[in-house]
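Protein chains: 2
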Amino acid sequence: MIVEVLNTGTELLLGNVVNSHVAYFGQALFPLGLRIARQTTVPDGAAIRNGLIEAFDRCEVLLVTGGLGPTTDDLARELCAELLGLRLVADDEILRQIQERCARRGFAFQERMRRQTMVPEGATVMPNAHGTAPGLYLPALERPSSRTPHIFLLPGPPCELKPMFETYVLPRLRELADGENVAQCRVYRCVGIGESMVESRIGLRLSNMDGLEIGYCARPNEVDFRLIGSPELLDELEPQILAELGEFIVSQDGANLEEVVVAKLRELGRTLATAESCTGGLLAHRITNVPGASEIFGAGWVTYANEIKTAELGVDAALIAKHGAVSEPVARGMAEGAREQADADYALATTGIAGPGGGTDEKPVGTVFLALAEREGPTMVWREFFPTDRETFKQLATQSALNALRKRLDS
Amino acid sequence: MIVEVLNTGTELLLGNVVNSHVAYFGQALFPLGLRIARQTTVPDGAAIRNGLIEAFDRCEVLLVTGGLGPTTDDLARELCAELLGLRLVADDEILRQIQERCARRGFAFQERMRRQTMVPEGATVMPNAHGTAPGLYLPALERPSSRTPHIFLLPGPPCELKPMFETYVLPRLRELADGENVAQCRVYRCVGIGESMVESRIGLRLSNMDGLEIGYCARPNEVDFRLIGSPELLDELEPQILAELGEFIVSQDGANLEEVVVAKLRELGRTLATAESCTGGLLAHRITNVPGASEIFGAGWVTYANEIKTAELGVDAALIAKHGAVSEPVARGMAEGAREQADADYALATTGIAGPGGGTDEKPVGTVFLALAEREGPTMVWREFFPTDRETFKQLATQSALNALRKRLDS
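Chains A and B, in that order, give the protein sequences. Following this note's numbering, the numbering of the first sequence begins with 708 at its first residue and continues without gaps. Following this note's numbering, the numbering of the second sequence begins with 708 at its first residue and continues without gaps.
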């Protein structure tokens, strides 16, 4: 079954917004044996018409996002009805829900919102629990002269789209996909090894194998080695892959490093604290993005200023004066101080120069010292160099910190 | 000049990776008077061929991302050369750079990397400062039977693509775009008001105005009201817009809330501390994403555990026992404690229930108390309710906190 995605929205092409829908759809469809064959973004307005006409020709399922709002540039509903030759009819139940929602949230009902109550004949309404624009499902039409795909019109904001997709679209797609060939996708997420090295260690040996599809995806200090095939084949290949990549593999199910670390700590009944300078809270943020993090994470410090490193974590001011805040002894002191203050089993610390300013010849922008302290055993301190932009630097430094803890917990 | 983007990569459609290139290109092109007319994603392999052929027909500039890596699924370079009828020639200088890069980073040179040294005849090589795959620029070809666009082949990883784009692609596009009609885009970023309300307050009055293009884009607790037109027209309309939306407007240049708050604090010479429970470091992370944040931000606490709220911020344990950690007095205590400990001018605090677990009838998942303490003057505490997923909740709560501080600094 050929699935396409049509994203509408001038803001996506102007760059005011990053399109997160495609990745979300892709992940949700795969377990049904479905993949996105093509994704297109067009601006609001008339371009939506061409996007729809072309996609009607190529695909059997079309997911359309955006263009359902109350404002004048929202045309997806009207254009779809027009192209399919369907009349738009006002729906009283939608009107009631929108009015109720406005009352509950303390907003005034706007006459413009009436457009959102219009439904093409034959369409199924998908209620919006998090906004005013309902979604619409238009089943495939077989006509003597033409065929149209199953069309799902979905709201643009991800917090409205996602619950609607899960509640109404996925079950429908599961029915439609019935009988599709469900291959398995296994993603070996590796940290601490490059893409070429993954290929030369194992990828080349597996290329050209019947019934196996191989892919690679590189991110900052992370490579996904992706295999798609029958569960039996993937099981058969697994020992070879573990033998070659074992120490680098963080997960085999798409779990990210913070999810793996939090799960491992919960399993072991251990706790973690963080002391961040250059990563400025990202380490704590990544950890607390994982549901259940509160079981293993009680305290984090963002000690940007030197005096705060001393006052809060007990880092000797003389050490800072002698070695500088970005140094081996300060990273060590931060980790040990945080571990002790939080009475945690482990603590991670970061101190470095994120840039763009602040570098020196000896410690250029991108330099970072990391430390892992533990209740029983010596503190580990290591130096890394990530000369890149500020946000990637923060990502790489937290990646290095979390990966060190992962390896420690595995050992 | 018609510009299209072709993103290649199975991982984008499987959802292992979010496509951030489109937004990046869109923002970079607009100041040149250029916009992306259409963006398409196709999987690796043969589908790239169709994507290229169709785009050749429609556009004058084509930006292609991905498919330049060393692995077998990277076909963009080879397919482009084939479709354009250009021979691939090995480039010794690229080989030297790749070998040098490997040596510097301590990686072994892989024979597979030789593919990356192949250059189509007539192409200009764009060196890659952050990876092994060089980019390629293929100027437009005018042939009796066909015309092809200016083609830029760029590597997939954003940290490799962005510096290359800025150094080599943008200057070339600026030349090509010479004489394009440069309109101005003004984005009034509003917090604390809904999309419909923005339209009814001001948007409708401006719709159907000659030479003016209006757009809206809603995000969690944020609406962009976008006007595109001549600088004169935009200046003329500005007083009306400020009169209607003034108090809600965070920025007019695309700056986000944290950038505005950090800039304002720097301007005033004031400092900020943070005390986070439910937002788990995101508030500090957002603030420290802004270059120069260290001037105004010295200390942040992530006090997830109750004992840590007491030990680190001096929140009375009896208050926590009586009112619960998610309560007005605890938010107040956290903010005041953090401000005092950090000796800062302001402190923001968050305590709430991010979910999915932990809700009660009285305080359901999504409840959050926020506080803003200041050196001179009373602490402000407010309650919000954001019943949504964990990550959106964290985003909304930090949005509310930062917006309160923004308004305080403006008053």
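Don't take every hint at face value.
Note that identical chains are pooled: a pair holds if it fits in a single copy or bridges any two copies.
Said to hold, decoys possible - Listed next, the in silico DMTMM-like pairs over lysine to aspartate or glutamate satisfying Cα-Cα at most 25 Å (straight line):
no., residue 1, residue 2
1, K971, D1117
2, K1070, E785
3, K1070, E807
4, K869, D1096
Honestly, the hints are just simulated from the structure, not real lab data.
Going down the list of hints, with the structure as the test:
Proximity of K971 and D1117 under a CA criterion of 25 Å is satisfied intra-copy only: 8 Å inside one chain copy versus 46 Å between copies. Proximity of K1070 to E785 under the C-alpha cut-off of 25 Å is found in neither arrangement, the shortest distances being 59 Å within a copy and 41 Å between copies. Taking the closest pair of Cα atoms, K1070 and E807 come within 25 Å of each other only across two copies (22 Å); inside a single copy the shortest separation is 59 Å, beyond that limit. When the C-alpha separation of K869 and D1096 is checked against a cutoff of 25 Å, the pair qualifies only between copies, where the shortest distance is 10 Å, while the shortest distance within a copy is 31 Å.
Hint violations for this structure: number 2 only, all remaining hints satisfied.
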